[in-house]
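Participant: The sequence shown begins at 1 in the UniProt record's numbering and counts up one residue at a time.
Simulated from the structure, these hints should not be mistaken for lab results. The reader is advised that the hints may include incorrect statements.
Okay, the calculated beta carbon distance ranges per label pair [as the list claims (entries may be wrong)]:
| hint | residue 1 | residue 2 | range |
| --- | --- | --- | --- |
| 1 | P104 | D28 | 39 to 49 Å |
| 2 | H405 | G315 | 56 to 66 Å |
| 3 | S26 | E321 | 40 to 50 Å |
| 4 | D28 | P302 | 22 to 32 Å |
| 5 | C348 | S392 | 26 to 36 Å |
| 6 | D127 | V191 | 17 to 27 Å |
| 7 | E323 | M398 | 40 to 50 Å |
| 8 | P395 | P302 | 44 to 54 Å |
| 9 | H410 | E323 | 35 to 45 Å |
| 10 | R166 | P395 | 17 to 27 Å |
| 11 | G315 | I199 | 43 to 53 Å |
In silico EDC-like cross-links for lysine to aspartate or glutamate, where the CA-CA straight-line distance does not exceed 20 Å [as the list claims (entries may be wrong)]:
| hint | residue 1 | residue 2 |
| --- | --- | --- |
| 12 | K262 | D185 |
| 13 | K45 | D287 |
| 14 | K350 | E407 |
| 15 | K413 | E346 |
| 16 | K65 | D28 |
| 17 | K251 | E261 |
| 18 | K88 | E99 |
| 19 | K262 | D319 |
| 20 | K406 | E365 |
| 21 | K399 | E346 |
| 22 | K413 | D351 |
| 23 | K399 | D351 |
| 24 | K350 | D176 |
| 25 | K251 | E324 |
We put the CB at the ideal spot given by N, CA and C, even for glycine.
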Amino acid sequence: MEKVCWPYFDPEYENMSTRMNPPRVSVDNISCRDFTLIKVDSVNKPGILLEVVQILTDLDLIITKAYISSDGGWFMDVFHVTDQQGHKITDNKTIDYIEKALGPNGHTKIGVKTRPGKIVGVHSIGDHTTVELIGRDRPGLLSEISAVLANLHFNVVAAEVWTHNRRVACVAYVNDNTTNRAVDDPNRLSVMEEQLKNILCVCEDDKEVGRTSFSMGFTHVDRRLHQMFFADRDYEGGGVTTEVDYPPSFKPKITVERCEEKGYSVISVRCKDRAKLMFDIVCTLTDMQYVVFHATVSSDAPYASQEYYIRHADGCTLDTEAEEDRVIKCLEAAIQRRVSEGLSLELCAKDRVGLLSEVTRILRENGLSVTRAGVTTVGEQAVNVFYVRDASGKPVNMKTIEALHKEVGHRIKLNVKKVPVSAKATEAKTSFFFGNLLERFFLA
Numbered sequence: 001m002e003k004v005c006w007p008y009f010d011p012e013y014e015n016m017s018t019r020m021n022p023p024r025v026s027v028d029n030i031s032c033r034d035f036t037l038i039k040v041d042s043v044n045k046p047g048i049l050l051e052v053v054q055i056l057t058d059l060d061l062i063i064t065k066a067y068i069s070s071d072g073g074w075f076m077d078v079f080h081v082t083d084q085q086g087h088k089i090t091d092n093k094t095i096d097y098i099e100k101a102l103g104p105n106g107h108t109k110i111g112v113k114t115r116p117g118k119i120v121g122v123h124s125i126g127d128h129t130t131v132e133l134i135g136r137d138r139p140g141l142l143s144e145i146s147a148v149l150a151n152l153h154f155n156v157v158a159a160e161v162w163t164h165n166r167r168v169a170c171v172a173y174v175n176d177n178t179t180n181r182a183v184d185d186p187n188r189l190s191v192m193e194e195q196l197k198n199i200l201c202v203c204e205d206d207k208e209v210g211r212t213s214f215s216m217g218f219t220h221v222d223r224r225l226h227q228m229f230f231a232d233r234d235y236e237g238g239g240v241t242t243e244v245d246y247p248p249s250f251k252p253k254i255t256v257e258r259c260e261e262k263g264y265s266v267i268s269v270r271c272k273d274r275a276k277l278m279f280d281i282v283c284t285l286t287d288m289q290y291v292v293f294h295a296t297v298s299s300d301a302p303y304a305s306q307e308y309y310i311r312h313a314d315g316c317t318l319d320t321e322a323e324e325d326r327v328i329k330c331l332e333a334a335i336q337r338r339v340s341e342g343l344s345l346e347l348c349a350k351d352r353v354g355l356l357s358e359v360t361r362i363l364r365e366n367g368l369s370v371t372r373a374g375v376t377t378v379g380e381q382a383v384n385v386f387y388v389r390d391a392s393g394k395p396v397n398m399k400t401i402e403a404l405h406k407e408v409g410h411r412i413k414l415n416v417k418k419v420p421v422s423a424k425a426t427e428a429k430t431s432f433f434f435g436n437l438l439e440r441f442f443l444a
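Put together the whole structure using the sequences plus the hints.
Facilitator: Below, the structure written as structure tokens:
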């Protein structure tokens with residue numbers, strides 16, 4: 001088959017095309033009784049689908065249906081969305097933001113990538129220094145990382161931690177605990193890097209070491225976590241994952257077929273529905289250099305069905321069984337990285353230096369292992385959400401939770417929730433609290 005390559009985009013020509021044909025964005029609360037319809041018509045460009053999906057998911061909107069078409073020079077899509085409670089989007093500030101962010105003066109930075117393969121990085125964004133880590137997961141690791149940062153006089157303002165296939169990836173925003181400013185002293189950063197590297201390398205074998213390096217890039221935090229795991233080849237951990245980690249009910253069913261008539265490969269995904277599912281799939285396809293030309297997404301609770309018509313960026317379809325198998329494994333890993341079971345612990349307290357270190361130490365001493373975490377600071381209030389299980393992988397004993405309540409006392413407010421089988425609203429609310437940080441880190 002003749003290759004159909006992604007067109008070359010000259011920046012000046014693209015800017016002129018955008019000025020002549022600015023994106024048209026419609027937020028429609030009239031056409032459907034139960035959903036808000038968001039329609040986007042725009043000049044087509046690489047990464048535009050991920051850009052749009054990222055904006056919607058960062059606002060914690062639930063995408064229940066979507067229709068995508070970007071074959072040729074024009075991009076058209078329709079999203080059926082609700083808020084976390086299943087209601088239409090009626091907040092005027094949210095609607096205004098959607099129209100501005102997706103409109104001709106949109107200010108997202110989806111196309112800016114970090115250098116590939118950088119596993120632990122440190123760079124400064126405004127008043128914060130960003131630290132990236134990846135290595136083998138083990139009980140108490142997050143506590144040790146937090147203790148190192150506290151001992152070196154770094155305050156963790158926000159962080160996101162994922163675990164998958166016995167690996168852990170973390171992106172943390174830190175600053176100096178006395179000046180509340182980013183740290184650019186190379187000596188301090190070098191000491192931090194070395195100590196974190198030592199923690200990650202404890203009990204590692206020769207093949208699975210924790211690595212450190214500097215990263216000068218800038219990208220969306222969830223996308224960066226996917227990139228870090230992908231570079232770490234976590235999708236090859238076939239024999240490592242157990243039913244304790246991911247029960248059969250969460251096992252995605254992914255198939256690859258060929259549409260010979262139009263020259264596409266068709267990726268079909270069926271799995272348990274959850275918030276940010278479409279983002280995780282589109283993010284992975286984009287970073288694997290696949291272009292989505294058409295797509296349909298639908299949610300029939302508790303399951304989701306998604307279908308993507310794709311080609312590689314060089315115009316080729318998935319022509320070998322090995323390539324098809326790799327795409328299936330990578331999408332399966334991307335879907336499962338955000339899956340959490342068991343209990344979520346939401347700990348709220350007045351922000352102070354060493355708080356995260358104290359909280360993670362308490363979790364470790366009570367025999368709890370953190371499978372995912374979202375940490376943020378809003379004003380003077382620190383809000384930390386931890387998905388936990390027993391260190392042996394078993395369900396958490398409620399006596400452990402009672403002991404936890406007694407230990408934190410009145411200093412820290414503790415809310416305990418059982419993660420439901422389909423955790424759409426829970427996932428959206430607790431994953432990094434990104435909506436609260438959007439202006440601080442990305443819209444300045």
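Participant: Going back to the hint list, which numbers does this structure go against?
Facilitator: 1, 8, 9, 12, 17 and 23
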